[in-house]
Amino acid sequence: MTDDTIGGRGVNAPDVVRRDLSTEALLTVRDLRVEFGKKGQRPTTAVDEVTFEIRRGEHLGIVGESGSGKSVTSLAIMGLLPATGVRVSGQIMFDGEDLLAASEKRMRDVRGRDIAMIFQDPMTSLNPVVTIGTQISEVIRGHRDMGKAEANERAVELLRKVAMPDPGRRMKEYPHQLSGGMRQRVLIAIALANEPQLLIADEPTTALDVTIQAQILEILKQVVADTGTALIMITHDLGVVAGLCDSVHVMYQGRVVESAQRRPLFAEPRHPYTGGLLASVPRLDSPRGQPLKPIPGSPTDVLPWTQGCAFTPRCANRIDTCTEKTPALKIEGQRALRCFNPLTLSSAGGATP
Amino acid sequence: MTERRRETAEEASSKPDSTNDQLLVVRGLKVHFPIKHGILFDRTVGAVQAVDGVDLDVPRGRTFGLVGESGCGKSTLGRAILRLVEPTAGNVRFDGVDVASLQGEKLRSMRRRMQMVFQDPLASLNPRQSVETIISEPLRAHGIEYSKKNRVREVLDLVGLPASAATRFPHEFSGGQRQRIGIARAVALEPELIIADEPVSALDVSIQAQIINLLEELQERLGLTYLVIAHDLAVVRHISEEIAVMYLGGIVEQTDSEQLYLTPRHPYTIALMSAVPVPDPAIEDHRQRILLSGDLPSPANPPSGCRFHTRCPYRQETRCDTERPELRLISPGHRVACHYAEEIVAGTVTPKVDAALPV
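Protein chains in written order, with the numbering used here: chain U, 4 to 356; chain E, 9 to 367.
The hints are simulated quantities; they were obtained by calculation from the structure and are not laboratory data.
One or more hints might be untrue.
[What the hints assert, rightly or not] Per label pair, the in silico range of CB-to-CB distance:
{"#": "1", "chain 1": "U", "residue 1": "Asp323", "chain 2": "E", "residue 2": "Arg121", "range": "48 to 54 Å"}
{"#": "2", "chain 1": "U", "residue 1": "Gly145", "chain 2": "E", "residue 2": "Arg176", "range": "49 to 55 Å"}
{"#": "3", "chain 1": "U", "residue 1": "Gln293", "chain 2": "E", "residue 2": "Arg121", "range": "27 to 33 Å"}
{"#": "4", "chain 1": "E", "residue 1": "His150", "chain 2": "U", "residue 2": "Ser69", "range": "34 to 40 Å"}
{"#": "5", "chain 1": "E", "residue 1": "Glu350", "chain 2": "U", "residue 2": "Pro267", "range": "40 to 46 Å"}
{"#": "6", "chain 1": "E", "residue 1": "Asp128", "chain 2": "U", "residue 2": "Gly145", "range": "34 to 40 Å"}
{"#": "7", "chain 1": "U", "residue 1": "Gln293", "chain 2": "E", "residue 2": "Asp128", "range": "27 to 33 Å"}
[Claimed, not checked] Below, simulated DSS-like cross-link-like pairs (lysine-lysine); rule was C-alpha separation at most 25 Å, straight line:
{"#": "8", "chain 1": "E", "residue 1": "Lys114", "chain 2": "E", "residue 2": "Lys38"}
{"#": "9", "chain 1": "E", "residue 1": "Lys360", "chain 2": "U", "residue 2": "Lys224"}
{"#": "10", "chain 1": "U", "residue 1": "Lys175", "chain 2": "U", "residue 2": "Lys164"}
{"#": "11", "chain 1": "U", "residue 1": "Lys151", "chain 2": "U", "residue 2": "Lys108"}
{"#": "12", "chain 1": "U", "residue 1": "Lys164", "chain 2": "E", "residue 2": "Lys360"}
{"#": "13", "chain 1": "U", "residue 1": "Lys164", "chain 2": "U", "residue 2": "Lys224"}
Just so it is clear, CB atoms sit at the ideal spot from N, CA and C, and this is done for glycine as well.
Between the sequences and the hints, there should be enough to build the whole structure, so can you do that?
This is the structure:
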């Protein structure tokens with residue numbers, strides 16, 4: 004596809020690659036495991052063996068379908084999982100501190116100041132009976148010693164930063180008076196209020212229309228680049244990840260099945276699930292009449308990880324070993340892969356020329 | 009605002025497009041929902057102009073895609089065609105019969121020939137009915153003789169579900185399978201037209217392709233005509249031969265799928281195309297994105313003139329805010345509702361790029 008075909012002149016997307024990444028990890032997640040269960044019942048493992056690290060200024064994507072454990076991973080990092088009925092183990096090191104060992108009081112400090120989160124549905128994450136202005140300044144004053152007037156000023160400035168039209172007036176409005184795109188901007192403003200070091204965005208554009216999604220992603224890209232914030236982008240949309248993230252982790256049934264830098268991952272997917280996802284999405288730029296190659300079955304057809312590879316029932320590349328033992332995440336160079344019989348280059352369906 | 013002229017059937021048939029193989033012909037369709045005010049007296053104080061003057065021709069055996077963002081009226085248009093909502097004005101001719109004037113039993117029997125597939129399969133299937141009942145109910149309602157066992161099995165087989173599914177209930181199935189049941193219910197009556205309203209948007213990514221392929225397969229086997237309504241341009245482009253882009257109650261561009269992608273002419277289509285993310289970093293890095301400012305205006309109080317002028321990067325001082333552009337033919341088979349479509353192609357009208365961030 005050339006630039007003319009897509010419509011030519013316009014705002015150029017800033018190059019994602021040209022950023023200084025420090026070498027030290029800001030957040031290291033090691034062997035994260037989250038189990039849900041009631042007393043006396045066998046627990047359900049939602050997330051297992053999740054390991055990744057993110058450096059300052061880096062953009063990391065976590066891709067997966069519903070039930071893959073991507074949201075649970077983010078809630079675990081934020082310490083937002085309920086205290087009862089959930090067992091979280093492993094290690095979440097943030098800036099030299101283990102968040103899993105931190106007290107609830109300490110987590111309250113960290114949340115909103117060092118780590119902030121943007122949720123999918125802005126309507127349910129904003130308080131419907133409190134004005135936008137109060138909701139933003141509340142977050143600022145909660146973490147800083149700042150007067151009301153000053154906090155309000157800062158809130159207006161934040162709204163301006165996320166390109167909210169007429170920020171002064173919006174301060175006095177309530178969430179229902181705003182459109183979906185504007186509400187999402189408010190959430191971004193709240194998340195950025197204390198200039199966090201890490202921003203977790205959980206499907207921030209899924210509830211929005213395409214043109215609004217493009218606006219929000221652009222704003223997100225710019226504000227994150229301005230402040231050097233590290234970004235974890237959680238989404239099911241491979242397209243969003245392709246344009247935004249440095250490295251991508253693909254999750255299936257609670258485990259990472261493949262992770263790599265975005266270019267090699269999209270160009271040469273090795274895990275059959277990654278390849279299958281790429282081949283099954285209709286692309287705007289693919290020639291017409293090309294049939295899609297869906298992944299058979301549904302995400303509910305799974306084999307427990309303890310008995311083999313969870314993707315086996317839907318996998319075209321399965322071999323006998325897949326049901327005999329559990330594949331481990333093997334690191335080969337820049338790529339980590341959990342598969343006994345990965346795609347070879349020629350059979351990688353979604354690979355681009 | 010120029011009032012769109014309501015065309016009569018005679019005028020419609022004189023149009024070059026409406027040859028005999030058009031299964032569905034829509035002319036000047038309007039759906040306005042009144043806004044009521046007051047307690048004692050139900051005064052109508054305005055109207056939400058959900059669909060405001062739409063012309064469509066859907067050829068038999070083809071797939072027609074209707075794409076637009078939420079609130080543009082695409083679903084209302086689909087419902088108005090089936091008369092699930094009453095059109096305010098305009099006419100809908102299905103196989104030569106004016107659907108808008110049909111009453112009672114005649115309308116009911118007409119609906120046998122046009123069926124609908126809904127977005128959320130869990131919400132559109134009765135949770136207390138077994139799959140067998142769900143599929144055979146329309147047959148019973150239309151008084152069609154059928155052998156319960158065979159017909160249900162046949163239809164299930166058609167949509168790729170096992171015969172054992174017949175005795176089970178919707179909650180026992182996954183999202184993709186439920187959508188298959190919804191499709192099975194629609195095809196059980198052997199309709200000619202299926203209106204599919206966002207048939208895949210509630211499904212997981214890996215499942216969407218299965219349903220898209222199923223729809224294509226059924227079209228080949230049963231000779232169905234589809235009107236596919238969706239917000240996802242990539243999905244619509246994949247399955248449709250002809251695509252109409254809707255914005256705020258009206259069609260802004262209509263052409264075949266290939267041309268729409270290669271040479272989009274309406275500024276809204278251009279922006280929409282550039283906003284769709286492509287799962288390929290090599291392309292994403294070099295793409296130029298046209299960001300639209302603001303949100304969709306309210307259909308209760310649409311902007312004067314061209315409805316897109318409030319967000320259009322190509323907006324000109326004259327005409328755009330005073331005169332509503334007609335959907336006009338700019339090249340064979342390519343209709344655009346923009347005053348400056350030719351100038352935009354020629355490059356004499358250029359977009360404003362002053363704002364780095366959308367406001």
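Right, here's what the structure says about each hint:
1. Asp323(U) x Arg121(E): 48 to 54 Å: 51 Å, holds
2. Gly145(U) x Arg176(E): 49 to 55 Å: Given range 49 to 55 Å: holds, Cβ gap about 51 Å.
3. Gln293(U) x Arg121(E): 27 to 33 Å: 32 Å Cβ-Cβ, so the 27 to 33 Å window holds.
4. His150(E) x Ser69(U): 34 to 40 Å: 37 Å, holds
5. Glu350(E) x Pro267(U): 40 to 46 Å: 44 Å, holds
6. Asp128(E) x Gly145(U): 34 to 40 Å: Cβ of Asp128(E) to Cβ of Gly145(U): about 38 Å, so the range 34 to 40 Å holds.
7. Gln293(U) x Asp128(E): 27 to 33 Å: At 28 Å between Cβs, range holds.
8. Lys114(E) x Lys38(E): 22 Å, holds
9. Lys360(E) x Lys224(U): 22 Å, holds
10. Lys175(U) x Lys164(U): 18 Å, holds
11. Lys151(U) x Lys108(U): Measuring from Cα to Cα gives roughly 24 Å; hence the hint holds.
12. Lys164(U) x Lys360(E): 21 Å, holds
13. Lys164(U) x Lys224(U): The hint holds at about 12 Å.
Of the numbered hints listed earlier, not one is contradicted by the structure.
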